[in-house]
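Taken in order, these protein sequences are the chains called A and B.
Counting from 1, one number per residue, gives the positions in the first sequence under the working numbering.
Counting from 1, one number per residue, gives the positions in the second sequence under the working numbering.
Misleading hints may appear alongside valid ones.
[Said to hold, decoys possible] With beta-carbon atoms standing in for the labels, derived distance ranges: (1) B/H342 - A/A92: 40 to 48 Å; (2) B/V360 - A/E135: 12 to 20 Å; (3) A/E135 - B/W420: 43 to 51 Å; (4) A/G78 - B/R339: 34 to 42 Å; (5) A/K146 - B/D246: 26 to 34 Å.
Simulated from the structure, these hints should not be mistaken for laboratory data.
Note that beta-carbon positions come from the ideal geometry of N, C-alpha and C, so glycine has one too.
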Amino acid sequence: MRESLQTLSALRRTIARIESQRPAEAPRLVALGHARIDAALGGGLMAGRLHEIFAGEAADASSAAGFALMLATRLMQGKGAILWLRAEEGEARGGRLHMPGLAELGFDPGALILGVLPDTLALLRAAAEAVRCREIGVVVLEIGRKPRALDLTASRRLAVAAEKSGVTALLLRTEAEPAPSAAQTRWAIAAAPSVPLEANAPGLTMLEAALLRQRAGIGGLRWRVEWDRDRLCFREPVLSGLVVPLPAGRPAAAGAGQPLRRTG
Amino acid sequence: MRLAAVDAAAQALGLAPGLALADARARLPDLVVVDHDPEADLRLLERIADICDRYTPMVALDPPDGLVLDISGCAHLFGGEAGLIADWEALAAHLGLRVRPAPAATPEAAQALARFQTVPAPDEQAALRRLPVAALRLSGETVLALRRAGLKTIGDLAARASAPLSARFGEKTTATLARLLGMRDSRIVPRRPLPALIVERRFAEPIARVEQVLTCLDDMSAEAGRALEAREAGGRRFAARLFRSDGAWRDLRVETGLPTRDPTVLARLFRERIEALADPLDPGFGFDLIRFAVPVIEPLAPSQLRLEGGALAEGELAALLDRLGTRLGRGRFRRFRPRDTHVPEQAALALPAVIAAAPVAWPRPKAGEPPLRPLHLFDPPQSIEVMAEVPDGPPHRFRWRRAMHEVTRYEGPERLAAEWWRRDDGTPGLTRDYYRVEDVRGRRFWIFRHGLYGSEAEHPGWYMHGLFA
């Protein structure tokens with residue numbers, strides 16, 4: 001009995017030591033510039049976490065990639081490098097990343113390192129290493145469809161590594177359905193009609209961003225956002241008449257005091 | 001057609017190079033003849049030279065049938081010149097080669113002795129003096145002139161004063177003679193430039209396990225690291241050549257983005273390299289020599305640990321890219337540089353991240369404009385069906401990937417001419433009219449018409465070139 005008490009107290013001490021090693025400071029929150037999104041996220045997107053971005057349909061892959069790039073721009077703020085990992089197959093199907101196009105979104109292509117990998121398994125392995133590298137600001141993993149290698153364990157591994165190193169991991173999923181994962185937030189992105197310029201020309205990038213889920217926070221929200229390339233931030237579309245915030249998956253009367261969360 | 005070369009059996013039967021094929025056939029009706037292939041001969045010679053790399057890194061080709069090895073300072077590893085020659089003869093016999101090795105003080109003397117020596121001599125100088133003048137390997141006319149003058153051997157030439165010789169037979173004759181006899185300095189030009197640093201391990205008993213090879217590589221990279229530290233340098237490329245006891249060899253190369261001399265980094269890279277080999281390392285009967293070379297070294301100041309302890313985060317990214325590049329292929333990780341061209345497909349130059357370590361600034365877009373270039377680009381562009389006004393109206397609707405898209409907004413055309421000054425075929429190339437279009441659902445596309453109606457093409461095609469965010 002006495003021995004087991006000693007063991008117990010030794011274990012308690014060990015646990016206390018492990019817990020004291022956890023970073024005491026609050027995670028860094030990066031405001032996205034869009035007041036309502038920032039409010040919903042509790043101040044901004046959490047850096048050093050795993051975030052999932054889904055393309056609603058295959059044709060929205062570019063919008064989702066653009067959203068990932070915009071988030072990366074906000075997260076990095078001109079410092080560090082971004083490692084963008086794609087599979088060969090996705091490169092052939094979805095087109096190459098076009099560097100002048102990245103520059104047009106206000107991102108500096110000089111900070112980008114593109115990795116084109118043979119398959120998803122190699123991609124996840126490379127990402128698991130990259131997420132531990134503190135010199136990288138953001139790692140983007142572009143994974144199409146539903147590969148078997150990407151399961152809850154893989155996403156958990158990424159999330160833990162990201163938390164430890166402070167590198168933000170963005171998991172970009174094209175042609176995929178949301179599934180349980182260890183991500184901090186989960187987004188679904190689709191293209192939205194832009195506010196036309198003179199002579200009915202297509203305007204600034206407009207996206208339909210849905211926050212499907214966030215850990216310890218409300219999910220199932222939907223906004224229409226415009227990317228302001230010159231100020232490098234999201235904003236509400238200028239023509240407010242066009243924009244109707246749509247309460248997704250719940251009646252409009254349900255207030256914020258009664259948060260509905262999607263589980264899984 | 002004449003015989004270019006004959007084997008020993010044919011020589012015994014009286015055939016010699018230069019004989020007409022018809023004559024040879026008349027003498028030996030069942031003669032086996034193979035086409036002369038000088039390039040294949042040269043390839044074989046290169047292969048043999050690679051095998052000879054085990055004796056010395058200084059190997060020069062002496063086509064069509066010779067190799068010159070500079071074994072200064074290497075022979076003692078094999079028990080002297082005689083030991084080295086015995087080793088080589090045994091290996092050559094194993095490979096089915098007939099060789100005539102000859103050690104000498106100068107490359108020319110060795111070449112001459114290997115080719116022309118017929119009887120043994122007490123020492124090298126005497127042996128050289130007995131050689132025929134053909135051993136100088138001068139042109140046929142000069143050799144004939146020397147013979148006619150009664151000068152049959154090298155000894156005859158060496159006995160005479162050089163001034164009259166060069167006056168009558170040319171400067172080249174005396175120069176060659178001086179080099180042959182070691183009176184003038186002569187060097188070989190090795191096939192490959194010598195690496196900046198070499199570490200070697202020889203094994204009396206060949207090692208046949210990959211773990212042993214790895215341990216040995218760790219050990220050698222540590223030794224190379226110490227040598228590099230003494231020179232305040234670091235390596236960017238590292239090559240290990242594993243020589244198998246049966247003459248085969250295997251090369252392992254790793255490359256780093258920043259100069260390094262850290263043995264743990266190198267050990268890890270070599271491990272990755274071996275794991276990533278498409279066909280695994282086959283030790284066969286074992287490796288009897290491992291050579292570790294650092295071909296390129298760059299200055300690298302001595303490193304200092306941080307005062308408060310902890311690893312340096314600096315260089316972590318470069319190390320990560322080295323590891324990933326070693327495992328998956330260096331071309332898979334790329335950085336991009338802008339190029340001065342308006343052809344969209346060529347706007348960025350992709351370089352392996354290992355060599356393009358420093359990022360380059362890109363031109364910034366004009367403020368207030370929407371994105372004018374797509375995020376994803378199709379290369380080659382994808383053909384689409386478009387409804388548009390003839391001759392140069394904007395697209396109204398188009399079909400791409402079996403789906404119809406109704407255009408609601410468009411901007412264009414942005415006209416890009418082909419770069420006629422870079423074209424080889426002399427034609428100006430087709431002009432492209434680019435449109436930024438948006439469909440009903442808000443998806444934005446970059447499409448173009450290839451060629452102008454009437455002047456350039458009868459029915460210009462339409463293509464999908466990119467997708468905007």
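Hint check:
For B/H342 and A/A92, the Cβ-Cβ distance of about 25 Å falls outside the hinted range of 40 to 48 Å, so the restraint is violated. Distance hint check for B/V360 and A/E135: the Cβ-Cβ separation is about 18 Å, which falls inside the suggested range of 12 to 20 Å. At roughly 45 Å, the beta-carbon separation of A/E135 and B/W420 lies within the given 43 to 51 Å, and the hint holds. For the pair A/G78 and B/R339, the supplied restraint of 34 to 42 Å is violated, since their beta-carbon distance comes to about 24 Å.
Taking 26 to 34 Å as the suggested C-beta distance range, the pair A/K146 and B/D246 does not conform, at roughly 49 Å.
Of the numbered hints listed earlier, those contradicted by the structure are 1, 4 and 5.
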